[in-house]
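Visitor: Listed below, chain by chain, are the residues.
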Amino acid sequence: MEVLFFYLVALVAVLSGLIVVTAKSPVNSALALVNTFFCLAVFYVMLHAPFMAAIQIMVYAGAIMVLILFVIMLLNMGVEPHKKPTHIAWGAIGGTLVLLVSILFIQRGDTARAVGNISKDVVLREGHTALIGKAMFVDFLLPFEIASILLLVAIVGAVILAKKEV
Amino acid sequence: MLDSYLPILVLIVIAVAFAVGSVIMSRLIGQKKPGEVKLAPYECGMPPVGSARERLSIKFYIIAMLFIVFDIEAVFLYPWAVMFKRLGLFGFVEMGVFIIILLIGYVYVWKKGALEWE
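Line order of the protein sequences matches chains X and C.
Per my numbering: the first sequence = residues 34 to 199.
Per my numbering: the second sequence = residues 5 to 122.
Everything labelled a hint here was simulated from the structure, so no lab data went into it.
Don't take every hint at face value.
Stated by the list, open to error - Calculated cross-link-like contacts (lysine to any residue; reagent style SDA-like; alpha-carbon spacing at most 25 Å):
1) C:42 x X:61
2) C:42 x X:60
3) C:63 x C:19
Said to hold, decoys possible - Just a few of them, taken from the derived set where beta-carbon distance is under 7 Å, the chain X residues facing chain C:
4) 82
5) 169
6) 179
7) 181
8) 196
Note that beta-carbon positions come from the ideal geometry of N, C-alpha and C, so glycine has one too.
Bound-form chain C, shown alone (with noise of 0.2 Å):
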């Protein structure tokens, strides 16, 4: 049964052996001639201003903990997506209304503006 997941092993083992020898080759066969603009930090082509490390806004805090409920809520559908045909119809209802109840929690984070970007 573990035989099944021998393609995700290998992807994985594909995906970290890319990293680590795209890293390695560039180390050994890379040019190295380092500059001032070269070593400076990449800011999307801007001149980088000011530290890294700054405190963020609280925005980008509250954005997290939306997406984890929602992330909680696709969780339960995992489950449900397994027994969907099991459960017909009645299990239809039932994953509806709880979308359903979540769904008003979305509608209220729209319109208290919770997901603008003022």
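One chain only, chain X, in its complex shape (with noise of 0.2 Å):
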């Protein structure tokens, strides 16, 4: 049952995936990666990672994609006129070359191998957001308080380069 729902769910996030690439317009494609997004997080689910899902979700689903739809909003582009994709080639040699590493990599690596004294037991019993949130405020306590200096450049960063009188 969990077999034949991974399959589906794959479909479907490879489907969107080749609409992101396909579509004419570039809304419908950012459209087809959100539908992507989500089949993601329900891997991550399944993985038994809820938030690495949720972050998913939150932010990619929902952050970065409105930053992507502003970007094609900004660059004002139209609906492609139907032109014939060049390159073609190459994305194929270069997504092929990828897939087989991948593939190397997930049949020589065992993915249910414990790191450090996390396995795959303490996930299950401590549960996955508990696991990070430990890691996060105990062990890289300062890590933590210095990714919201992090955030605060950015924040300002933004602001003196979008605030510029124009």
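Got two chains here, separate frames each, mind docking them using the hints?
Guide: Put into structure tokens, the structure is as follows:
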């Protein structure tokens, strides 16, 4: 049942990905990308990583997607006239190579292997979000606080760049 | 454990079915008497002016960028909320410092007038 569900969602994800690269209108591409993001979120949930799923939807489907849409609107891209796509062969070669390398890594690697003292059982017992919380707020306290400075710099930078008198 | 996500799946299925069903049903049983006014893009009752594909102001973009930053701040709150009881006062102070640093950014944005729409 779960395997069947996985293949169903995978099919939707791949089809949406195809629409992203083939759609004529950039807005349609963006919409299909949102669909792909949601499929990935489903995969994260199935991998017992609900926090990743929440990030996938909140940050990627929410915030990043808004940025992509605004870029489309800022660049004023219309619907592409029917144009022959270029560099398809290079894209195909590159994509196939990446796929082969990924398959190699998946076959060589042991995805259920314990990393440090975190094994699959620990994740299932403690919960994924709680483990991340522990790492973030106990073990890596300083980097977490530094991240807030980084976000502050991002805010100030955005304002300085965009608020320049035009 | 995945069973606990069943309600979400049911909700998604119902939402998609309702959306797709509404479109299909109105296609099948709806009346189709197209007119010039009916086919015009709806623009809050105003007559549509010009193309919809115009370059938009950079102001939209800065709002979106600020949204991302505070969105990430909200994401950090998730694992914190899960660990809140175990972290106790320490975690509270820790998150307090984090929020206050970002609050400085918020005040800066506000004072700088980046949220104004002049």
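Visitor: Give a verdict on every hint.
Guide: Tested hints:
For the proposed pair residue 42 of chain C and residue 61 of chain X, the alpha carbon gap of about 24 Å is at most 25 Å, so the pair holds. Among the hinted pairs, residue 42 of chain C with residue 60 of chain X is consistent with the structure: their alpha-carbon atoms are about 24 Å apart, no more than 25 Å. For the hint linking residue 63 of chain C to residue 19 of chain C, the alpha-carbon distance of about 33 Å lies beyond 25 Å, and the restraint is violated. Nearest Cβ of chain C to the Cβ of residue 82 of chain X: about 12 Å, over the 7 Å cut. The hint is violated.
Among the interface hints, the one on residue 169 of chain X holds; its C-beta lies about 6 Å from the nearest C-beta in chain C, closer than the 7 Å criterion. Annotation: residue 179 of chain X was flagged as interfacial toward chain C, and the flag is violated, the nearest CB pair being 10 Å apart, outside 7 Å. For residue 181 of chain X, the shortest C-beta to C-beta distance to chain C is roughly 4 Å, which falls under 7 Å, so the interface hint holds. Contact between residue 196 of chain X and chain C, as hinted, is supported at the beta carbon level, the nearest pair being about 6 Å apart and thus within 7 Å.
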